[in-house]
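Just so you know, the sequences run in chain order A, B, C and D.
If you use the working numbering, the first sequence corresponds to residues 1 to 107, in order.
If you use the working numbering, the second sequence corresponds to residues 1 to 107, in order.
If you use the working numbering, the third sequence corresponds to residues 1 to 107, in order.
If you use the working numbering, the fourth sequence corresponds to residues 1 to 107, in order.
If you are wondering where the hints come from, they were derived from the structure by calculation, not from laboratory data.
Don't take each hint at face value.
If several chains are the same, the list does not tell them apart, and a pair holds so long as it fits within one copy or across any two.
Stated by the list, open to error - The calculated DSS-like cross-link candidates involving lysine-lysine, where the alpha carbons are at most 27 Å apart (straight line), are:
(1) K94 x K79
(2) K79 x K91
(3) K79 x K98
Protein chains: 4
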Amino acid sequence: MDFTELQSRLRAFADERDWHAFHSPKNLAMALSVEAAELLEHFQWLSQPESANVSEQTRAEVAAEVADIQIYLAILADKLGIDIDRAVDDKIAKNAMKYPPGATGLR
Amino acid sequence: MDFTELQSRLRAFADERDWHAFHSPKNLAMALSVEAAELLEHFQWLSQPESANVSEQTRAEVAAEVADIQIYLAILADKLGIDIDRAVDDKIAKNAMKYPPGATGLR
Amino acid sequence: MDFTELQSRLRAFADERDWHAFHSPKNLAMALSVEAAELLEHFQWLSQPESANVSEQTRAEVAAEVADIQIYLAILADKLGIDIDRAVDDKIAKNAMKYPPGATGLR
Amino acid sequence: MDFTELQSRLRAFADERDWHAFHSPKNLAMALSVEAAELLEHFQWLSQPESANVSEQTRAEVAAEVADIQIYLAILADKLGIDIDRAVDDKIAKNAMKYPPGATGLR
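Using the sequences provided together with the hints, build the complete structure.
Next up, the structure:
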């Protein structure tokens, strides 16, 4: 995934539909949260083992929610000038310090 | 972002910390939802224009939440065998049909 | 609202449908979060003034989400032996200390 | 819990702190969603049985989140003129129709 290329595709998509007025970071964060909950909904009554063994139908629906989350994340990062690749690298480096290998803390 | 490469880095990270037992899709969807809300929290009392003009400090904190969401999204997709690049392409194609350019519907 | 009475009604409701196995606090917290996002969805593309002036139709839909949240909150509190009335009184007292009248902090 | 009385207490609380400008239904729905996620966070890495057997410390923290959710729910309902008692009664009646006793559907 080339985020720069994705973001420019999504920017053109929003341009053609006059959506920019709706795409404040506040609204995008809300939309992302709503999509995250739609993902969650698929798993809410499942046991943990069941959640790892979903039907093809559920997997396809979950993939569509994953896409929605990825799309809003890319638009939000674009609006705020956040470099996702770099933010992820920074976070992994930080987590490696915070949770040394072999540590038994959760996450 | 090469998701295959990221997912293999995150898999190694979880291996070294014995986290796989915690990483059921159910739990990962919860964690993703929690991170989405931490992102939301930054914007909850801001007006829409204010949300587009945050301080450098807030922007850095938001970037860290964006990274957490991206990381959980990649791990979840990995666990369920979901190809994020393809899911995003499929969703954009579907949205292009659902919301023709010039349509005035929201989103 | 008499929470004790509501909780006993909801307990009977779950009994009759064999839902208790699904009603772990973990699952109930997920369900509550999903309902909170369904509430959020009604407001995601609205401006703040618009959100205070919704149609009767939207108001009725929002009322149904408010009810879902209230119901899951009561069931969860019941499962964990939490007294909602007392928790609310404690929290208001705590907030009164944390945010003295006239303070300009947000919330 | 007398919601009318609670709502008038919360209205006075917001008056004294000049919070009404922040309390649009949009913002309140965001705040409620954030609190629901803080509740969720307590359970995200727990198994379902563990979530029913939390420590006294966790139970007290969960009670504080339950209170936050109840408080925002009451303020939001107040702002929109929603009668929570009635909305809950309506929803239980509707659920009784939708899920007849003995039905095996989830929830």
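So, going through the hints one by one against the coordinates:
Both within a single protomer and between protomers do K94 and K79 lie at most 27 Å apart by alpha-carbon distance, with minima of 25 Å and 23 Å respectively. In this assembly of identical chains, the alpha carbons of K79 and K91 lie at most 27 Å apart whether taken from the same copy (20 Å) or from different copies (20 Å). Taking CA atoms no more than 27 Å apart as the test, K79 paired with K98 passes between copies only; the shortest distance there is 24 Å, against 30 Å inside one copy.
Comparing the model with each earlier hint shows no violations; every hint is respected.
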